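S.K.: Below, each chain spelled out in residue letters.
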Amino acid sequence: MRNVLLACSVAAVLAMVFWWLQREPAYEWRLPADVPAPLVPADNPMSATKVQLGRWLFYDTRLSGNGSMSCASCHIQALAFTDGRARSIGSTGEVHPRASMSLVNVAYASRLTWANPLLDRLEDQALTPLLGDNPIEMGFGSHADEFAVLLESDPGYAALTRAAFSGDKNPYSLLNGVRAISAFVRSIVSFDTPYDRYMAGDDDALGEAAIRGMELFFSEKLECFHCHGGFNFSDSTTHANTRVDPVGFHNTGLYNVGGEGAYPEDNTGLFDMTGERRDMGRFKAPSLRNIAVTAPYMHDGSVATLGDAISHYARGGRLVEQGAYAGDGRLSPYKSEFVRGFELSDEQSRDLVAFLESLTDATVLSDERFSNPHLD
Amino acid sequence: MLFVATWNGSPITCADEGIALSDLRLYVSSLQLLDAAGIAHDLQLHTDIPWQQPDLALIDLENGQDACRDGTPGLFAYLVGGVPPGEYRGLRFTVGVPFERNHANPLIAEAPLDDQAMHWHWRSGYKFLRAGVRTQDDGFWMHLGSAGCRGTVRDISGCRFPNRVTVELHDFSPNSDSIAIDLKALFDGVNFDDGLPGDCSSGPAESACAAPFAALGIDFETGTTEGRQNVFSTYR
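Here the protein sequences line up with chains E and H, keeping their order. Numbering-wise, this note's numbering comes out as the position in the first sequence, counting from 1, plus 6. Numbering-wise, this note's numbering comes out as the position in the second sequence, counting from 1, plus 141.
Any given hint could be a false lead.
[Unchecked claim] Short, incomplete list of chain E residues facing chain H, as computed with Cβ under 8 Å: (1) V46; (2) A48; (3) L124; (4) D130; (5) S148; (6) G281.
[Said to hold, decoys possible] Computed spacing ranges between beta-carbons, pair by pair: (7) H:P195 to E:D382: 30 to 40 Å; (8) E:L325 to H:L337: 34 to 44 Å; (9) E:N140 to H:T307: 19 to 29 Å; (10) E:D272 to H:E309: 33 to 43 Å; (11) E:N72 to H:A177: 54 to 64 Å.
It should be emphasised that the hints constitute simulated quantities derived from the structure, not laboratory data. Just so we're clear, the structure is a prediction, and the values are computed from it rather than from any experiment. Where a beta carbon is used, it is the ideal one built from N, C-alpha and C, also for glycine.
Bound conformation, chain E alone (with noise of 0.2 Å):
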């Protein structure tokens, strides 16, 4: 009798040591110490196999109606994963109103997309660019189905799914898929500036002009930071020690059409989501990690360099002379009270220029681990 104890708890043992060997370990972030973890959703727990599988997907052209472009068409990682252009181009030629947002840190934002207060989880938001219609980006919707059948029928993504969703009795699906691709879009987590060393204590990191440029980014005479605050540079930040939902969309006196505060039909901004009058025009502001290398800027893409942006700053909204556009920002009524103009000498402004330079992560332009796979 005794023995038959034994062997039974010999062989519970031995199970429970194989269960353990054949399980993920925990993903790892690779954060900086006093960085917080994203904020993950509890159906769709990360783990180095998804992340590996939303990588391959999310750089696969077979996810577009015409086999023309996949997420990194639009989200090129040289560029922060973003794509260059004013306004971004969707597989059939159609022209999106608005420009590609880079996905650096974009697990920390707590509102997906320019100006939507809908979407806070990458899960749903990725649904639009690649299924949605109006306008046509991926142009994925009427091959929904073939999401699945992909999956499957490909022997490496069959094992990966297999292995990413291994309690589902059926991994293949839209629903696994877009969790891939979400889980490696949220890997995508970037501390390592020379604004980040600074911080951390190595007083070389940053130049004396970027300094200097620091010290005016963070002053309440230009009050950059209350928009683009905190370690995201983004005061739409959340992650997962926290308990608040921190959303803002701002109106920076970018349009005054008419001289009511307008904003061109196709970019009202949180207005067209909310149909208050008092949103038009409000924005989310975005991070400004990397902001050096995604140029244009602006929801849509209409201002050109950095130093153009300060200066649209400087001014407290633009003005927009001529065209079906015309109007002064800085007299809409429903601009940020925080854009209110300030003073700058050219050389301030390339001070700041500089700050917002240091904000650059040369690792994660050009980290393997967010590279195209397939190129291998």
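Could you slot chain H onto chain E? The hints should help.
M.R.: For chain H alone, kept in the frame of chain E given last:
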């Protein structure tokens, strides 16, 4: 019960010369038949038809060909259901998806709410109606759905512009009559000769929505649905 796409009362197809259909798909729900006394009786749809739930169906009148090439090959032109025996003289239904199902996750929804082309992933909820026509070099389309929703995608608490349309047809016999959806009535006021294809996707800034919304009985500015629709009618 059959649905028919019409232009000024005559059937219109994706292959027509001149003005052709380019899209027509819609969700109908809460169907009721009205008896002689005007009392409403729920129409129970049969669930062995893939585009039907007991109280909701997807009607798809485009075939994915010709001017409808961006659509889908399947045609779901009719409804099959049952009511207690009796004499019915009217029909009432909603163009739209009931609130709770409208804002649930479309990736795990039951047919016909699993059609991703009918979902509005960024606004939350379904496109209740997609309709469009094309000429040689012109056209117009609209997507109708709830807008101004509050909360987050997985937790919508309400929408400022629900944009559900109630259709009531009197003088309608379920045994012999069909339901016409007239695109001329829907797009009344749209100029099809100016070479400028237009669209309306239910956004509050889209002035092009005012006319088709009015045809559906919706006040575009306020979102109220007290007006009378003149797009749906009895077809014999």
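S.K.: All hints are to be evaluated individually against the structure, with a verdict given for each.
M.R.: Hints, verified against the model:
1. V46: At 14 Å from the nearest chain H Cβ, V46 of chain E fails the 8 Å test, so the hint is violated.
2. A48: violated, 11 Å
3. L124: holds, 5 Å
4. D130: Given a least distance of 4 Å, the restraint on D130 of chain E holds.
5. S148: holds, 5 Å
6. G281: Holds. Min distance 4 Å.
7. H:P195 to E:D382: 30 to 40 Å: At roughly 52 Å between Cβ atoms, D382 of chain E and P195 of chain H fall outside 30 to 40 Å, so the hint is violated.
8. E:L325 to H:L337: 34 to 44 Å: violated, 29 Å
9. E:N140 to H:T307: 19 to 29 Å: holds, 26 Å
10. E:D272 to H:E309: 33 to 43 Å: Since the Cβ atoms of D272 of chain E and E309 of chain H sit about 36 Å apart, the hinted range of 33 to 43 Å holds.
11. E:N72 to H:A177: 54 to 64 Å: holds, 55 Å
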